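Novice: Chains as they are written, first to last, in numbering that gives the first Met the number 0: chain A, 0 to 676; chain B, 0 to 676; chain C, 0 to 676.
Hints may contain errors.
Claimed, not checked - Derived lysine-lysine pairs resembling BS3-like cross-links, with alpha carbons at most 27 Å apart:
1. C:Lys-229 - C:Lys-298
2. A:Lys-64 - B:Lys-178
3. A:Lys-539 - A:Lys-568
4. B:Lys-322 - C:Lys-568
5. B:Lys-556 - A:Lys-366
6. A:Lys-641 - B:Lys-105
7. A:Lys-542 - A:Lys-579
What the hints contain is simulated information worked out from the structure, not anything from laboratory work. Quick caveat, the model's predicted, so the values are computed rather than measured.
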Amino acid sequence: MDFKTRHFIFGGDYNPEQWDDREDILEEDIRLMKKANINEVTLGVFAWAKEEPSEGQYDLSWLRKRVDILYENGIETILSTPSGARPHWLADKYPEVLRVDESRHKDLFGERHNHCYTSPVYREKVWQINHKLAEEFRHHPGIKAWHISNEYGGECHCPLCQQAFRNYLSEKFEGNIEKLNHAWWTAFWSKTYTSFDQIESPSSRGERSIFGLYLEWKRFVTKQTGEFIKNEKAAIRDAGAMQPVTINMMYEFDGLNYAKLTKYIDVASWDSYPEWFGHSDTDAALSHAMYHDFIRALKNKPFLLMESCPTATNWQPVSKLKKPGIVKAAGLSAVAHGADSVQYFQIRQGRGSFEKFHGAVIDHYGKEDTRVFREVSDTGSTLKDISKIAGAKTHAKVALIHDVENRWAMEKSAGPRNCGLGYYDAVMKAYKGIKAAGLDVDVVSMDHELSDYKLIVCPMLYMLRNGVEEKLRAHVKGGGILIMTYWSGIVDENDLCYLGGTPFGLMDVLGLRSEEIDSLTDEEENEMCPVSDNALGITKSYKARKLCDLVVLDTAKTLMEYGKDWYAKRPALCENDFGKGKAYYICADADEDFYLDVIPAITKRHRIKGLVSNLPKELDVCSREKDDTRYVFVSNFTGEEKKISLPKGAKVVLGNNDGVIDPISTLIFEESISSDS
Amino acid sequence: MDFKTRHFIFGGDYNPEQWDDREDILEEDIRLMKKANINEVTLGVFAWAKEEPSEGQYDLSWLRKRVDILYENGIETILSTPSGARPHWLADKYPEVLRVDESRHKDLFGERHNHCYTSPVYREKVWQINHKLAEEFRHHPGIKAWHISNEYGGECHCPLCQQAFRNYLSEKFEGNIEKLNHAWWTAFWSKTYTSFDQIESPSSRGERSIFGLYLEWKRFVTKQTGEFIKNEKAAIRDAGAMQPVTINMMYEFDGLNYAKLTKYIDVASWDSYPEWFGHSDTDAALSHAMYHDFIRALKNKPFLLMESCPTATNWQPVSKLKKPGIVKAAGLSAVAHGADSVQYFQIRQGRGSFEKFHGAVIDHYGKEDTRVFREVSDTGSTLKDISKIAGAKTHAKVALIHDVENRWAMEKSAGPRNCGLGYYDAVMKAYKGIKAAGLDVDVVSMDHELSDYKLIVCPMLYMLRNGVEEKLRAHVKGGGILIMTYWSGIVDENDLCYLGGTPFGLMDVLGLRSEEIDSLTDEEENEMCPVSDNALGITKSYKARKLCDLVVLDTAKTLMEYGKDWYAKRPALCENDFGKGKAYYICADADEDFYLDVIPAITKRHRIKGLVSNLPKELDVCSREKDDTRYVFVSNFTGEEKKISLPKGAKVVLGNNDGVIDPISTLIFEESISSDS
Amino acid sequence: MDFKTRHFIFGGDYNPEQWDDREDILEEDIRLMKKANINEVTLGVFAWAKEEPSEGQYDLSWLRKRVDILYENGIETILSTPSGARPHWLADKYPEVLRVDESRHKDLFGERHNHCYTSPVYREKVWQINHKLAEEFRHHPGIKAWHISNEYGGECHCPLCQQAFRNYLSEKFEGNIEKLNHAWWTAFWSKTYTSFDQIESPSSRGERSIFGLYLEWKRFVTKQTGEFIKNEKAAIRDAGAMQPVTINMMYEFDGLNYAKLTKYIDVASWDSYPEWFGHSDTDAALSHAMYHDFIRALKNKPFLLMESCPTATNWQPVSKLKKPGIVKAAGLSAVAHGADSVQYFQIRQGRGSFEKFHGAVIDHYGKEDTRVFREVSDTGSTLKDISKIAGAKTHAKVALIHDVENRWAMEKSAGPRNCGLGYYDAVMKAYKGIKAAGLDVDVVSMDHELSDYKLIVCPMLYMLRNGVEEKLRAHVKGGGILIMTYWSGIVDENDLCYLGGTPFGLMDVLGLRSEEIDSLTDEEENEMCPVSDNALGITKSYKARKLCDLVVLDTAKTLMEYGKDWYAKRPALCENDFGKGKAYYICADADEDFYLDVIPAITKRHRIKGLVSNLPKELDVCSREKDDTRYVFVSNFTGEEKKISLPKGAKVVLGNNDGVIDPISTLIFEESISSDS
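When you get a sec, could you build the whole thing from the sequences and use the hints?
Specialist: Structure representation (structure tokens):
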């Protein structure tokens, strides 16, 4: 059931059930979609009340009719299951499907994304509606894929979930409560459990200081969500529908461990809504570029951009219009990072309720003479022009570890900086450094296969899990380059501190030991100053903030040192030879410019070559490969013209032939892979 | 039952029940009140526990005695019903009277203003005590009026209210749930109702995204409160008491639609507590001046200033003392805008509990040699001097639309600027512009009769309800001037978006269409720059913030254009001829100085004449008319002397004969109405 | 049962129950403790689950073994009762022991410090475990003292507590509900109670505006906690254990009135965790120095520093490392102010859960070659060197009133500055002024015996209780010096305002009356300017903020006057002769520099001599006396060298003989008491 496409999918969410008394609008929408080069719609998201108006009474005729007519007009459908919001009758009759919050209050009916994932009734009802949908559409040629539910998230603390959580724990700790007590260090504050039955999920009214409990609860929520997805997919397959399956994920969402859900789906997809305000357009684009690289790496193949906005959203603090050019450049940036689609929420703007002011391809005015419609159409036209790239894959030499369990553990723990550790920022800064070196990068969890990379970057690898320290050791020993930072190797998978020195298992690889770590207030800063004649040729000093690790060197050498405070002159950046490779240790939370300079210096030193030589600042360069061709995308989100030197033999696919990239635009060139060094 | 007075009422809340063991204090209070020129007290607010100490046991003798003795001393009484706070026994015996909050938790006994408005028991008990009070005082010559309850507000979500809400909806939507589903756009997120019985009021634990539900809930709360008031008043009338009835309203309170409650009362009154800190005294005064004009326009006749503070309040973040002169100037400002009373909370300061540090005429020290007592006495003396003005009416040529349903809808909706739309600020800025033109103004809801105004100003008229677009169209067609702004004509009364272009129904009147609207962060701004030789003679540029509308012109002409961003040079201020009139459209959230300059430029262009020519900045000029005389009030809240040119034939009633107005003081002159141009 | 020690206690919390499977760690810990000069551990804190694993099954053998082995190695034990956190089985079987919060929701099991203090079951279970512990250790020579529970705090609103609260009130008001109604001024807002049964504790869902109710609730919580302590101690004594008893208190904790709990304990102790960030080290040290002086004065004898941190904590917003020298200087500062111990939390760092990153003497690394271990050992060594000082007492000439009931009443009341009155800051500024004069000071409640002081300083003595005004009057009359401030003498013990003028009972002593008080926004300030030739020789002006009292003078003289606003030139600092003494009145919230200058000017004028003459700024000087010797401690927390003139005949005990005090260090000299003037 691999997802395959020979062109880029271009379309988005469409909710004709909101206009079912308006045949004229359906007709007009199809006319406008075709004009906009749209070749896909996502149907059925939140349509349960329309599909099953009362228990067991199904009505899919309206949906069938629309899938048919759209297909006749050249528009394929990604069909959603409706479990993201249940009909009223379901909650009325089976209150167990309503969530209970952490304070143990049950929800009233309302909103969306708020069912109990454990409820057997809810799973059964979802199975039934999914089965009906799949029966109806299993052989329909217009169905491109299944989109299960919508933006999974949240948690339920009802008695059914409590019991499932206890069962999960009992299984994990092999029925041995002493194992759990040791792992969670419950001797502290007299919290020793004598039975699994005593366990309750974390609650502001109950237990909130056992971080092992918290971690397992988060893992349980992911596991339970995964089983829910599995049930949804099984219903579809059981009915004989074999189209590929996806779920749509969310930016920087840490409620679930997406890496654990990947096995349930055939293709990854996500919803990208950058904040085009409050920072530069380049920063807005790069933050989501990193997430593209994370989503793509989940399955190591092209993904879908399931949702994006053709202009302002309505749920951010300010609904900033997308300035001219952004719609197209952002769409192409997704493609550059591996997307095989550009999709919008939504095709036609709803008239009422929560999302009535969310940007849409066709707005309340309803005609095509709008700036937004023109920009969307132009994007679709460009995707047609480059359709040969669809399906091409990304091959990265660099891995950047971004691990959500690590984040859960680090951010929940008390200390060393409760006002903010800056984990996600640290990953982002490292990402920008790698991009400044002109390299493709896979953003992955620590469980990912790491053996094929030349460089592995591990910001704040607080938790070491599943032997990752052994993988990193082998990587360096075998000749790989490793970059680690402060606040790494501190705890095991249960958030239990390693004894005997940190970073655990890597002190010899790094040639040092962390003795203590200082925390800075928001107003404080230190400096990282180069030692003379350092091997990286660093000559500038950089600011350090938040956290400063004080290390004791064994075999490591100092490249930079602190500039201030009582630990001035102690090491701030170190390197160490280990086996055939080299390990770097960044001791403090350096500012972005440090990463922008130092990571390229490291890749240059170790001859890890970027896609474009002499890359101007602020450009994002990516590649996709297909057969013997490499397609290189260079995105310019600045307001200025930029120029790159095209490699010899390169052929421009999109943009100016002289390598000049206009403001807010994209250049694509292709080159033969065999020409690589 | 019209409210009539031949002198200004001067007094305020008095709570002798707090001192019922102190005959000496009652005597001393009367001595001090007389010395302070006080001619009225408000009695009985929150006195239920004293009036009915146990169920059915009434004791009004203490109250009768006080009303009598005060009357003998020349002090009239406004008598309050006690429903603002119930006695303990009532909640103990009938828990249904206690409110349930939106999260569905029932209150414990405590505080005030927290009964269920729907509870039949509470209505019955209120009827009984009101009836008893009215029987006792129906013929008493000292009773000037009835003050029903106190500062109505808040809401209850108990089962009784839920059922009443469902009944209200069923009636409104004629028992047709499909009508409701369409109006609330419930196809979105699968929220379709199949029965009115499924409806629950909005809740943080349930439904919070259906804005139609939210709007109807707010309307229901107003309706339920209105019926509660009706019941209170009916008890009074049923007992044969025929004195006029009022309720005291609150500044910028958006929990109720006051315009809908006006029909239940004979005279409007409100409680004015300006914030004399954090901004200039002029701004503090003008913000409440606008509310005076709102309260007066509710019934188009003089109102009562039911409460104000003779010095610092105790519930604001800082209890700023009123600087010398403010007490008198603020009292006269209320009179200038149409008040027939100046009343304080409170005459004698309570000794304990929540309001013990609220400013009072007689404080804990208890004697007359205080600054506050002197300033109050002086204010009373001045009111005596100008008593001929009491009862005079205001005749405004300008209407400013301030509509609370519009506010509910706009501020609850998601987008286009969730961090703040600035509706109230926009109304305030328009108000200041009108005042800078030296004009009286009625501040009214969109349901108000609009046919007699020369100029109608409509800031952010997001919702168009009850055909207001037709009224505005007729106004302009017939020769009137209209000023509209960005974010207007977007939704109907159900918060359902108008299709086909906005401002709905007024695109031809304005000669333009709004294509899209940009939202700015708090740090951003744009500019509004005059086009050369514009018809208003504008030469300055002004800052624009928050929202910038991008319009497409039809017949309109550009007076100003944007100065920055990608939409520089697009229109920022437009004018359009329509019928015999003219319509202006302000595209962006301009700063106050824009309004201070542009509204006077518009009124001057169209010869809508102010009350004083060449009015110096920062003065507030108002008029009241009686018989053939116009009384013009000029309030100076600045720290500097100001001078106006008195019209020919004007006679100074208060202040300097040369037109000089001292810092923090008021000048009043009279002129013959027949001398008008 | 007086607490006596011939050397300084040096050690801290030790939790071997977290490592009970690691004999090697116990051995290693003892080796390291001895190396660090540790002579004490605190055992058993939160060890209930280990001591009584199931109901009635006690296991103290592990504890006995550890107490024994430690004692054999020269390490004494302070033994804790375990009531700070109960085992799971206790809450499972007896849910009444779980707290109910103010919104009337019962806790789930979890956290710590959250039992119902009223529950007879909990008291009984605590009695039993305490009794067992005491039986086991009553004759053990290694038990130095009992540490009851841990950091008492919090409150419970369960039905048992409600009933106990009603009983408490009925007793306090002699069964007379009218007395309560008058005291709480319930005639206001119809809150009159007709029975004690109607009373509920304050609640965000119920009553929150009766400040008398709030005050009595706070008093009840202290009383109930006291009775709980009494029960704990009685169990110990009943079992025949006669070692002294303590509870560990907390910095600036206002949940309990510690002054009322002192009678239940034999020696005071507390946990000191200064914030060594966000302000200067001197300020961090002085803020806790004040609390040392408060804790010591509770029993007028040496106290124990029960907990402190050898490096960064993990629960503050930033976990700042203690810079070199701070550990020792902070420990010696506690000793300077009267501590007979320096103890740490914790000896060995726990591996998991909430406090795993809290600083410890032995950290996860586990060896002695760390900076922290070296600094701790050095501190222990110094304490050995000065052990002759242990047990010496402090004799202060100055009392500073810091009264928690005063704080409760003032901060809960509405007005005059709800955004912050700054009571604690005002006390702190006065404290710094006294320290700048080089004087020892007792920080005491207004109930403290005040007859032996030369100077009494009373910042913001809002509440006058138990005749304190008579004590202050007698003090001045007899020749004492009194310093009072704005916002004093306002209410009685029920928070009922005094009538007839304020400061109540002291207007003649101060020679003035407060007429009104102005409140300033955070952005505003006024000035206090010296009048020429004032008796204190003040020549500088100082800023005033927050509150400015406007006084009317009777016999007082003006020393300073306001510099701005409409009350410029009115008095800002006054003095008055009364009897043989003198009273000063500070009218406004002056900045710290005012106190640093003016209090020394006052003590100098009245010849109240400091411990060191010509004391350099920012040094903290204290004394302790034993037999005929006075030990004077001078603490320097600045980063600079300071020098004092050693008195003639002084002998340096610690530090440089020339009076030079190194940065972040302490000088101690001794002198003969008989040499005093």
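Novice: Evaluate each hint against the coordinates.
Specialist: Checked hints:
no. : hint                  : result
1   : C:Lys-229 - C:Lys-298 : 17 Å, holds
2   : A:Lys-64 - B:Lys-178  : 25 Å, holds
3   : A:Lys-539 - A:Lys-568 : 16 Å, holds
4   : B:Lys-322 - C:Lys-568 : 15 Å, holds
5   : B:Lys-556 - A:Lys-366 : 24 Å, holds
6   : A:Lys-641 - B:Lys-105 : 64 Å, violated
7   : A:Lys-542 - A:Lys-579 : 32 Å, violated
In summary, the numbered hints that this structure violates are 6, 7.
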